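Chains A and B, in that order, give the protein sequences. Residues 1 to 157 (the working numbering) are what the first sequence spells out, left to right. Residues 158 to 730 (the working numbering) are what the second sequence spells out, left to right.
Rather than coming from a laboratory, the hints here were simulated on the basis of the structure. Note that the structure is predicted; figures quoted are calculated from it, not measured. The beta-carbon is built from N, C-alpha and C at its ideal position, and this holds for glycine as well. A hint or two may mislead.
Claimed, not checked - In the DSS-like style, the derived pairs of lysine-lysine whose C-alpha atoms are separated by at most 30 angstroms in a straight line are:
#, chain 1, residue 1, chain 2, residue 2
1, B, K641, A, K68
2, A, K154, A, K143
3, B, K725, A, K86
4, A, K18, B, K364
5, A, K21, B, K635
6, B, K186, B, K271
7, A, K21, B, K289
8, B, K695, B, K616
9, B, K675, B, K364
10, A, K102, B, K330
11, A, K145, B, K330
12, B, K641, A, K18
13, B, K289, A, K43
14, B, K725, A, K43
Said to hold, decoys possible - Here are the computed distance ranges between Cβ atoms for each label pair:
#, chain 1, residue 1, chain 2, residue 2, range
15, A, T5, B, S375, 57 to 63 angstroms
16, B, D225, A, G104, 49 to 55 angstroms
17, A, L111, B, K725, 37 to 43 angstroms
18, B, N329, A, K21, 28 to 34 angstroms
19, B, V553, A, S49, 51 to 57 angstroms
20, A, G87, B, A197, 46 to 52 angstroms
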Amino acid sequence: MSTQTKVDKILAGHAFAKRDKIIPILQEIQEAEGYISQNAVVKVSRHLSMPASKIYGVATFYNQFRFKARGKYHIMVCRGTACHVKGSLSALRLVEDCLKIKAGDTTRDGLFSIEVVVCMGACGLAPVISLNGECHAKVTPEKLKNLVEELKLKETK
Amino acid sequence: MLNIEVNGKAVQANQGETILQVLTRQGIKVPTLCHLPGLAPSGACRMCVVEVEGAPSLIPSCSYPAADGMKIKTNTPQILSARKAIVELLLSNHPQDCLYCIRGGDCDLQRLAKQHGIRNRVFSGERVRREKDTSSPSIVRDPEKCILCGKCVRVCEEVQNVSAIDFIHRGNKTVIGTAYNQGLNVSSCINCGQCVLVCPTAALSEKSHVNDVLKVLSAPGKYVVVQHAPAVSVSIAEEFNYKPGTDIDGKMTAALRKVGFKKVFDTSFTADLTIMEEGSELVKRATGGGVLPMFTSCSPGWIKFVEQFYPEFIPNLSTCKSPQQMMGALIKSFFAEREKIDPANIVSVSIMPCTAKKFECGRPEMGRNSHSDVDYVLTTREFAELLRITGVDPSVLEPETPDTPFGERSSAGKMFGASGGVMEAAVRSAYFLITGGEMPKYTIQELRGMKGSKELRVKAGKIELGAAVVSGLGAARKLMEEIKAGRSDLQFIEVMTCPGGCINGGGQPLRADIEAVKARMNTLHQIDKDAPLRVSHKNTQVKRLYEEFLGAPLGHKSHELLHTHYNKRDVLA
Ligand code: SF4
Ligand code: SF4
Ligand code: SF4
Ligand code: FES
Numbered sequence: 001m002s003t004q005t006k007v008d009k010i011l012a013g014h015a016f017a018k019r020d021k022i023i024p025i026l027q028e029i030q031e032a033e034g035y036i037s038q039n040a041v042v043k044v045s046r047h048l049s050m051p052a053s054k055i056y057g058v059a060t061f062y063n064q065f066r067f068k069a070r071g072k073y074h075i076m077v078c079r080g081t082a083c084h085v086k087g088s089l090s091a092l093r094l095v096e097d098c099l100k101i102k103a104g105d106t107t108r109d110g111l112f113s114i115e116v117v118v119c120m121g122a123c124g125l126a127p128v129i130s131l132n133g134e135c136h137a138k139v140t141p142e143k144l145k146n147l148v149e150e151l152k153l154k155e156t157k
Numbered sequence: 158m159l160n161i162e163v164n165g166k167a168v169q170a171n172q173g174e175t176i177l178q179v180l181t182r183q184g185i186k187v188p189t190l191c192h193l194p195g196l197a198p199s200g201a202c203r204m205c206v207v208e209v210e211g212a213p214s215l216i217p218s219c220s221y222p223a224a225d226g227m228k229i230k231t232n233t234p235q236i237l238s239a240r241k242a243i244v245e246l247l248l249s250n251h252p253q254d255c256l257y258c259i260r261g262g263d264c265d266l267q268r269l270a271k272q273h274g275i276r277n278r279v280f281s282g283e284r285v286r287r288e289k290d291t292s293s294p295s296i297v298r299d300p301e302k303c304i305l306c307g308k309c310v311r312v313c314e315e316v317q318n319v320s321a322i323d324f325i326h327r328g329n330k331t332v333i334g335t336a337y338n339q340g341l342n343v344s345s346c347i348n349c350g351q352c353v354l355v356c357p358t359a360a361l362s363e364k365s366h367v368n369d370v371l372k373v374l375s376a377p378g379k380y381v382v383v384q385h386a387p388a389v390s391v392s393i394a395e396e397f398n399y400k401p402g403t404d405i406d407g408k409m410t411a412a413l414r415k416v417g418f419k420k421v422f423d424t425s426f427t428a429d430l431t432i433m434e435e436g437s438e439l440v441k442r443a444t445g446g447g448v449l450p451m452f453t454s455c456s457p458g459w460i461k462f463v464e465q466f467y468p469e470f471i472p473n474l475s476t477c478k479s480p481q482q483m484m485g486a487l488i489k490s491f492f493a494e495r496e497k498i499d500p501a502n503i504v505s506v507s508i509m510p511c512t513a514k515k516f517e518c519g520r521p522e523m524g525r526n527s528h529s530d531v532d533y534v535l536t537t538r539e540f541a542e543l544l545r546i547t548g549v550d551p552s553v554l555e556p557e558t559p560d561t562p563f564g565e566r567s568s569a570g571k572m573f574g575a576s577g578g579v580m581e582a583a584v585r586s587a588y589f590l591i592t593g594g595e596m597p598k599y600t601i602q603e604l605r606g607m608k609g610s611k612e613l614r615v616k617a618g619k620i621e622l623g624a625a626v627v628s629g630l631g632a633a634r635k636l637m638e639e640i641k642a643g644r645s646d647l648q649f650i651e652v653m654t655c656p657g658g659c660i661n662g663g664g665q666p667l668r669a670d671i672e673a674v675k676a677r678m679n680t681l682h683q684i685d686k687d688a689p690l691r692v693s694h695k696n697t698q699v700k701r702l703y704e705e706f707l708g709a710p711l712g713h714k715s716h717e718l719l720h721t722h723y724n725k726r727d728v729l730a
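Let the sequences and hints guide you as you build the complete structure.
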């Protein structure tokens with residue numbers, strides 16, 4: 001199914017929706033496509049008869065929405081309290097430096113993306129990151145760096 | 158009637174009034190940053206705080222209603238230090254390059270800092286670094302200078318019903334931006350500049366062409382001519398400390414010559430010409446089964462609005478170019494031939510009350526043989542800057558008159574500068590076109606004034622027309638929705654993008670309140686009252702233009718030079 005029809009289908013499921021449905025609609029779109037594309041913003045705007053600027057404004061207000069397609073390797077760094085105490089900020093900075101992108105972004109080759117999440121519910125294993133949904137516990141800068149470099153290497157082969 | 162006390166003095170207030178309204182009436186100037194008279198208060202900036210006895214904290218006067226028995230203080234040390242702290246905080250991440258800033262010397266933030274005696278940097282935050290958006294032909298956005306007062310967002314939404322911009326992100330990452338942070342040029346922005354008029358800082362400004370014009374004025378071999386719009390002569394004076402509503406038409410013409418323009422033309426001349434073309438078009442549509450209602454097409458913001466939001470109504474737009482573009486087309490055809498100048502060497506400048514005119518002159522259909530009809534548009538504000546740079550003071554000059562062959566104008570053409578003016582001019586001449594006679598009384602009071610929407614039924618001989626006048630695109634959208642829903646009693650509709658018309662255009666002097674705008678409007682009506690020539694169809698130079706060059710209204714030459722077409726436009730909206 002092409003991406004366009006996915007959004008269309010979601011909107012069709014909200015046939016007479018008003019502006020109060022904006023969040024559930026955006027959530028469904030993100031669920032289906034992994035992010036909120038410009039095209040999706042325009043479509044939601046037409047569907048709800050709301051200006052696109054407003055849709056984008058509302059969407060960017062919440063941390064949960066992404067505006068770039070995820071990379072092939074999607075790294076989520078937990079910034080919850082426990083992970084913070086255990087040094088997740090340096091973990092995040094390290095990943096950002098390795099990939100030369102910021103949280104919320106995707107590398108230009110589409111391989112990597114980083115996302116900050118607030119708690120993965122694995123506080124006992126802090127600090128945690130997840131790679132494509134797979135949890136990596138008690139990460140050290142060392143471990144993280146190796147992980148990323150390995151993936152990079154794999155892709156250049 | 159409410160009895161309240163202001164700084165120990167008994168004062169009366171009306172039910173429902175805000176404290177700010179009462180204080181303003183009392184001549185007490187309370188500083189505001191986010192307040193927009195006429196719109197619902199937002200209470201975002203807290204600059205307007207006052208003390209109300211018994212209240213637990215300071216009260217924002219712009220959004221708080223006056224109540225009976227209230228005891229208000231406006232200048233206690235606590236109030237002053239709260240206000241000062243707000244300004245200090247706003248400055249904490251501000252670029253503070255007033256010396257190089259387009260609003261330096263004319264900036265609300267700067268004024269407030271001075272007013273509150275801020276002499277040193279109290280809070281030092283990280284200076285904001287954000288890229289300028291220079292993508293639009295009309296408006297420059299400089300988010301580094303933005304203090305997030307939100308006025309632009311509200312004007313764009315509540316007055317213009319465009320909503321090209323909104324608050325994006327949140328907390329200390331908040332910025333004002335378009336959908337997906339794209340350039341304003343691909344957004345739904347219609348270039349009206351109403352946001353520029355309300356912005357307290359340099360975060361919004363017009364795209365300046367002052368330097369380009371200065372350059373061509375001294376370029377060898379260039380023949381630089383200028384036209385000025387009807388609303389400019391009644392507003393430019395404010396930039397030179399005259400009181401609002403002063404008309405300095407003649408002095409302004411003299412000043413333009415001093416600056417170095419070879420010819421000075423009054424766009425009111427082509428406003429008269431527009432009436433001949435548009436009036437004929439209306440009569441033709443009304444009697445020949447054409448598409449009705451017909452909408453006026455002289456306001457470029459409105460045109461873009463239709464192209465992007467109501468493309469199904471494009472056939473309803475008059476095909477007439479705007480007076481600016483008609484003048485431009487004539488300058489590089491008729492005038493060039495007559496004066497034996499190669500149009501390639503003519504630089505055609507126009508002085509407009511409008512930022513959208515910059516967009517209009519760059520539209521690909523607005524020119525011929527790779528010459529644009531108009532090369533540069535300066536707003537009224539930029540014109541004032543040009544005069545200051547060149548050291549020309551209009552106030553000391555003797556009035557002069559515009560140049561031939563476009564040297565005459567009717568007051569009907571001059572009234573294009575105010576909402577209702579195009580309609581009034583059109584009705585006067587349509588009456589003549591239909592009946593062959595003159596209206597018993599020219600003034601049409603119903604079409605005048607600042608109201609966003611005005612209507613009138615016009616009878617001329619056997620023809621009766623429903624006429625509507627709207628200004629501000631919020632009002633226009635309302636009418637469009639009525640028509641979409643089946644309303645069919647209207648045949649001719651004048652739309653001006655800015656509330657009140659060009660006198661309140663986005664390129665006009667800043668800090669004009671509603672009274673100043675009204676004064677500009679009244680002056681245009683006074684000019685009409687006193688004018689010897691009050692109808693476009695009697696303009697002898699327009700007649701001569703038809704005899705010598707154009708032929709007849711809607712004729713072949715007119716079509717080639719004075720008419721155009723519009724297309725559906727896809728924008729990010
Ligand atoms: S916006 Fe105002 S305060 Fe800011 S740099 Fe410009 S003039 Fe100065
Ligand atoms: S110029 Fe007009 S349409 Fe564009 S952002 Fe400003 S107010 Fe909105
Ligand atoms: S751009 Fe100007 S009007 Fe808009 S929020 Fe910023 S400071 Fe206020
Ligand atoms: S002017 Fe009252 S809160 Fe901004």
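### Task
Would you check the hint for K21 of chain A and K289 of chain B, treating anything up to 30 angstroms between C-alpha atoms as holding?
34 angstroms, violated
### Message
Does K330 of chain B sit within 30 angstroms of K145 of chain A, going by the straight-line distance between their CA atoms?
### Response
Roughly 29 angstroms between the alpha carbons, so the hint for K145 of chain A and K330 of chain B holds.
### Task
Measure nothing beyond the straight line between the CA atoms of K641 of chain B and K68 of chain A; if it is 30 angstroms or shorter, mark the hint as holding.
38 angstroms, violated
### Task
Take a quick look at whether K725 of chain B and K43 of chain A sit within 30 angstroms of each other, Cα to Cα.
Distance of about 18 angstroms is within 30 angstroms: holds.
### Query
Are K21 of chain A and K635 of chain B close enough, with their CA atoms no more than 30 angstroms apart?
25 angstroms, holds
### Query
Is K289 of chain B close enough to K43 of chain A, meaning Cα to Cα at most 30 angstroms?
28 angstroms, holds
### Query
Within a Cα-Cα threshold of 30 angstroms, do K725 of chain B and K86 of chain A meet the stated pairing?
With Cα atoms ~57 angstroms apart, K725 of chain B and K86 of chain A exceed 30 angstroms; violated.
### Task
For the pair supplied as a hint, K695 of chain B and K616 of chain B, confirm whether the alpha-carbon distance does not exceed 30 angstroms.
21 angstroms, holds
### Status of the given 51 to 57 angstroms range, CB of S49 of chain A versus CB of V553 of chain B
55 angstroms, holds
### Query
Is K154 of chain A within 30 angstroms of K143 of chain A, Cα to Cα?
16 angstroms, holds
### Task
State, for the Cβ atoms of G87 of chain A and A197 of chain B, whether the hinted interval 46 to 52 angstroms holds or is violated.
48 angstroms, holds
### Range agreement (Cβ of K21 of chain A with Cβ of N329 of chain B, hint 28 to 34 angstroms)
Taking Cβ atoms as reference, N329 of chain B and K21 of chain A lie about 29 angstroms apart, which means the hint holds.
In this structure, the hints that do not hold are numbers 1, 3, 4, 7, in rising order.
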